[in-house]
Amino acid sequence: MLDDVLGIKTFDVNFNLPICQNTRDLRVLELPNGILTLLISDPSEDWASGALCVATGSHHDPKGIPGLAHFCEHMVFLGTKQFPGASYFSDVISKAGGDHNAFTCGEKTCFYFEVPMTSTKVGSLGIDLNKNTDPNELVFNHTLQVFASLFKNPTFNDSLCKQEAVVIDEEHALNVADPEKILYHGMRLLANKDHPFSRFGTGNSDTLLHNPKSLKINPKSALTDFFSHNYTPNRMALVIRGPQSINLLTKMALINFSDITNNGCEDVARHRRRTDVKQFKILQDTWEKAYVGSIYGRRELGKCLYIMSEGDSRLRFLFPCNGIQEDFYFDMYMSAWISLLGDESDGTLCYKLIKEENLASSVTSFCEELGTDNYALVLDLDLTEEGERNISKIISLLFKFIYNSIIKCPLKRMARYLLELSVSDSINFIYQQTQSSPMEETSKIAESLLSDFSRLELRNIMKGYNSWDDEINDGTDPKKLWQLKAFNFIERSKIILSMVNFNLIIKQRHSNYAGKLSHMHSQKPLSLVKDEFYGFSYDIFPLDVSRILKDTVNCGSCILFPESNINLADNFAYAAKHNTSHLPSRFVTKKATISTISKLVDYSKVHEIWLKEESRAEYTERFFVSLRLQSIAVECSPEAFVCNELLAEIIGDILRHKLYHAEALGYTWALFPNLNGMVSLGVEISGLKRGFRRVYKTVINVISNIIRNVEECLSEALPRAKIAIENRYSKLQESKGISKLSTGLLVLLEENTWPLDERRSQLELIDSSTIANYCHSFFVGLKYTCLFVQGKVPPATAIDLYSDLDILGCKDQEINFISQRIRVFEPLTFTIPPGKMLKLDLAGSSSDSLSSVYYFIQMGHRKNDFDVSMTRLFSSLLQSHCQSYLRTKRNLAYDVYSGLREFRSSIGLFIALSSKRYHCDMLVNEIFTFLKFWEKTLNSYSRADFNSKVLKPYELYLNSENDYGELYANDYVRLLTPLKESNTATSNVMCKNHRIHWERIISEHYSFYDINEDKYRTAQDINTLTKEEFLKLFNCKISPESLTSSVIILSNSPGGNEEFIKTKKSPRLANASESVSPTFSGFKGKKDACVKFDLNVQYLPEEEEAFNFKERKGNIIPKSPKEFTKSIFKSFHKDRIKSDVDIENRFALSVLSTDEERRPLSHISAEDIERFQEAYLVKLPQVECRYDNLMFHRDSVLFD
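Counting from 1, position 664 in the sequence shown corresponds to residue 664 in the UniProt record's numbering; the numbering is continuous, with no gaps.
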């Protein structure tokens, strides 16, 4: 430990860092008040972030007020004594172009934020500053000061307590429909009732408002007491990360956080006597005396919880890890169990369950941290119909594998496996990718700082766990050492993976299968009770362990131990040369990490090869390859669409087993059928350079073998693939809220995005001969190939990768293209004509309890630089205003999203929100009101205000050179979503970055493929923008009073709420009798056309109520469509509406022609969609084919 400086204790640690973090300098210190702090200086970064984690959570909730800790987390954000504005912190963050979040679990509450690191002053953000705030202070410095104030003196405003409790109630309403939350709550139901883990922890309006009132407790007093007792420095861990020097970060931590007091609750002095970092064990110090017994003791084991629930059937095995958490190797034991139980290679347990027995569609193993020294190994299965009927067989197969392959495994074989696991772990850590945004990573590190550092080596803090080879080698023979580790692992496995040390959770619709697992209920039905907080029915009963043992002994299945990983040889020797200990690169500058530009390496009329040569450290040994094989011979149709999905499902089912060992070393793959609406197969592969070619060729060979010999594998593969696709369609059909509306908008606007009912019909008709004919046409027919390579590789590598596609028939086709005059066109986006507002109300699923609205404003074309620049500007402003108005001020919903949305050809803005309390019509009205409020605010700006509050804040985004910045905002860029992908993450930052560039290439947006260049072009447009031009554009495109804007409003009413549905009756239209379709009430031209999309008109309040939001009770009296449009829209258009004809020309409403039951989006036919598109939307003419468009941009895209 170094000498104390200004009361700070600094600890000398030699950190283990991956290659992508070799520019970092780290320092661990203890502030004078006892806060353990980690500082991360990285001069290559353009973002700064901070996180503070407190060792308090829902386990500290008073018995009478469940959810108080979560309530406190919400209220801490809503104003402090120094910065009293309820939305001040969020305003500073959003105006600066950053983000923030927080979470509460049983023992921890974590707060975190991030902002772009620029030279912008806080005075230029356009917010009202305190009189003591220096307007010349840098944004990050001020943000850190406000962040620190949250933990000193939050105000807990009385008027905001009720408001935020209702928001938490909205949050809980979302959780009730979340399968993962349901299963986690099930784990609470099985737990020791004397342990606080068993209690409900989220909170709702009853527990946070009604319970305190009945107990005569003031919510503000309860919050103040909770904060004073639990938010103390000795329970806190702080992480600050940014490009500043390590000494400057130290100064910032000292100035802002060292005056957080202990509120007189505990003596901090004893914590100041720590002289070694191993004395830090914040969680243990806080919780070791708080519990009585384990979460799952002997009395709580051997139980089965049945949950009656709609949706997918799930089976969860829960193995508590009592008694071994203090073992130095506990993390490694857990890693080995997860690996063994989750291995999907040929012959293993997962292969048996998924491929051979068809009992599960997926198997996932992971560790669940339940509390201090309380962990559980979890095995989750998504059950097939066969699996639902044979749960006892699944149990027998699991324990047969545990006994034969783990307990009885020879020591040498297990030692070899653990050694390989250790090597894989080291390789993955050394070459890891950036997995999340800066603040997400910072928050995870802050969590780890609460650990017991007498067990976790602090040098492994960036990894978060110890490794098998972390112990000091005392000269023992390595073979004997690994055999000793194998022996200890097997002995621990006998305890943890025992038949008497597990619980079972079954989530499915019918209870008759679950009851067979207990001798008590084998002959009679379960005794179901209703859960107080989640509303599902359940029963808990003891498992018949003797029967499980008997079934396991009689089980004759052969399940193999995982084979050795052949991919290790490619990377082990190279990885061994790298010293992962911390050696900071002190001369790194931001210029060294500036993003490069994609270039066209080679092209013809049948192919394109693109290369993006990277200079960043994380690409040193890793690169990405994406390709699209587009069939010219097969015409776009629903049948071809579904055939392509089935083909991808079959290929992916083979790859998930064949490439499992490659995935263990960080290789990833993903399949994208029908990429960009074309008859095509997209493939994405990433991984380490050494061994990449083998993985790449494996994927190509599997695709080739399937397409060439499809008849041989269809007998077993096709039925399984059809079930998987049908399940995927069912999930889409049952999607809820904003997710459903976002998908609905995609179906309406994107060409060749076939509706769900059309796909389902084709899925039923397709048989093996259909697939065989499709594969033959795809393989033999003409194809257009597009290949994109990203990484530190030369152009020759990209050419070689294209040559590997010869077996797919991708070469030597140009002469046929030329002779047949074939031209390849990309599908476009339907656009909304100027002056049209389309409103479609969709019916929610039976489990959807929320009203949701998606409001989309079309701004222009993606290929128009000015349209894109202005949309980005308005998006940044929208995000900074919308959240504070609709979420904080209006308190409408827990989920409020806004930002930019891209389609293939168009670009626009969106506002989306879900609410449990308010009808869709109320939410639509409030969006109108917000837009009017926003317009008035902008109109009130002087020229100086316009520069300081509009243009200057936007420079924060433009000045950020790091192209990851786009990924952290709420903007909905067109990230490609795979149908099938590897188990290892393909959603990390590097992968998202790759997909952004890849999407722009295949969508022919060549002028936008480099994000930094986008910002340069945007800056040029913004610098010449005047206030008058800005307001004119707003009034034309965005204003609710505009008669030229292009808008679609989608709303999703709650399903299964009969009382709600009965209050809304739809009037008949004058022309309803002239129906031309089951779903449309006929048109007589746009003037009076109304579309029936399975739901009722939403009636908005009268003019006098339009700007006065109140919590309304009772029903809204229905009116005719004309009365409806006159009342609400005249309130926003006033004198600009001259007649009823003007109104009807402006708006197209979706209504039912009768009082029949509403139908969901999934029941709308392709004919309905086509008729709607023809009547209301515009399809832009397509002049240039893909090759011509490429040649038009050749000067900017060709490789030098």
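It should be emphasised that the hints constitute simulated quantities derived from the structure, not laboratory data. Do not rely on the hints blindly, as some may be mistaken.
Unchecked claim - Derived pair list, reagent style DSS-like, types lysine-lysine, alpha-carbon separation capped at 30 Å:
1. K792 <-> K697
2. K408 <-> K355
3. K303 <-> K530
4. K599 <-> K480
5. K932 <-> K1032
6. K162 <-> K216
7. K889 <-> K792
8. K181 <-> K303
Said to hold, decoys possible - Computed Cβ-Cβ distance ranges for the label pairs, DEER-style:
9. E180 <-> S498: 23 to 29 Å
10. E386 <-> N864: 49 to 55 Å
11. S940 <-> S604: 54 to 60 Å
12. D312 <-> N136: 53 to 59 Å
13. T770 <-> S498: 37 to 43 Å
14. L746 <-> P794: 36 to 42 Å
15. E369 <-> S537: 24 to 30 Å
16. S803 <-> H776: 54 to 60 Å
17. A772 <-> N1023: 38 to 44 Å
Every residue gets a Cβ at the ideal spot worked out from N, C-alpha and C, and that includes glycine.
Hint by hint, here is what the structure shows:
no. : hint                       : result
1   : K792 <-> K697              : holds, 20 Å
2   : K408 <-> K355              : holds, 25 Å
3   : K303 <-> K530              : holds, 18 Å
4   : K599 <-> K480              : violated, 54 Å
5   : K932 <-> K1032             : holds, 15 Å
6   : K162 <-> K216              : holds, 15 Å
7   : K889 <-> K792              : violated, 49 Å
8   : K181 <-> K303              : holds, 20 Å
9   : E180 <-> S498: 23 to 29 Å  : holds, 27 Å
10  : E386 <-> N864: 49 to 55 Å  : holds, 53 Å
11  : S940 <-> S604: 54 to 60 Å  : holds, 57 Å
12  : D312 <-> N136: 53 to 59 Å  : holds, 56 Å
13  : T770 <-> S498: 37 to 43 Å  : violated, 50 Å
14  : L746 <-> P794: 36 to 42 Å  : holds, 38 Å
15  : E369 <-> S537: 24 to 30 Å  : holds, 29 Å
16  : S803 <-> H776: 54 to 60 Å  : violated, 24 Å
17  : A772 <-> N1023: 38 to 44 Å : violated, 59 Å
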